[in-house]
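Q: Starting from the given sequences, assemble the full structure and let the hints guide the process.
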Amino acid sequence: MFKAKQKIFQIGDIKVGGQPGELPILLIGNIFYKGMPEVTDHEKGSFDEKSVLKWIRKAEELAERTGVPHFLDVMANHPKAMEKYVMFVSDQGDVP
Numbered sequence: 018m019f020k021a022k023q024k025i026f027q028i029g030d031i032k033v034g035g036q037p038g039e040l041p042i043l044l045i046g047n048i049f050y051k052g053m054p055e056v057t058d059h060e061k062g063s064f065d066e067k068s069v070l071k072w073i074r075k076a077e078e079l080a081e082r083t084g085v086p087h088f089l090d091v092m093a094n095h096p097k098a099m100e101k102y103v104m105f106v107s108d109q110g111d112v113p
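Be aware that the sequence shown starts at 18, since it is given in the numbering used here, and climbs by one per residue.
Treat the hints with care, as some may be off.
[Unchecked claim] With a straight-line cut-off of 27 Å between C-alpha atoms, the simulated DSSO-like cross-links for lysine-lysine are:
(1) 71 with 32
(2) 71 with 97
(3) 51 with 61
(4) 51 with 67
(5) 51 with 101
(6) 22 with 32
(7) 67 with 32
(8) 61 with 75
Just so you know, these hints were derived from the structure itself, not from any lab. Fair warning: this is a prediction, and the values are worked out from it, not measured in the lab.
A: Okay, structure coming up:
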């Protein structure tokens, strides 16, 4: 099906890749994207921590309930903001 051999990678406790259907699907949710209402300043990385934490916990709950593993895709427009976002997300658990 593919010219290149399909590989499987382990990221944390989750395996990704391989042939279609070989592994379960994966949910990847964007967070801190431009236009996300919880982000108040995209340059400084200011955001409503309580609201963002609710989204993270909701993703965890859905993953647990459905059995579909999930990743968080941390997005930022500025390096300073990315540093704040990654620090916040990494403090919330071990989701890749």
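Q: Out of the numbered hints, which ones does the structure contradict?
A: Failing hint: just 7.
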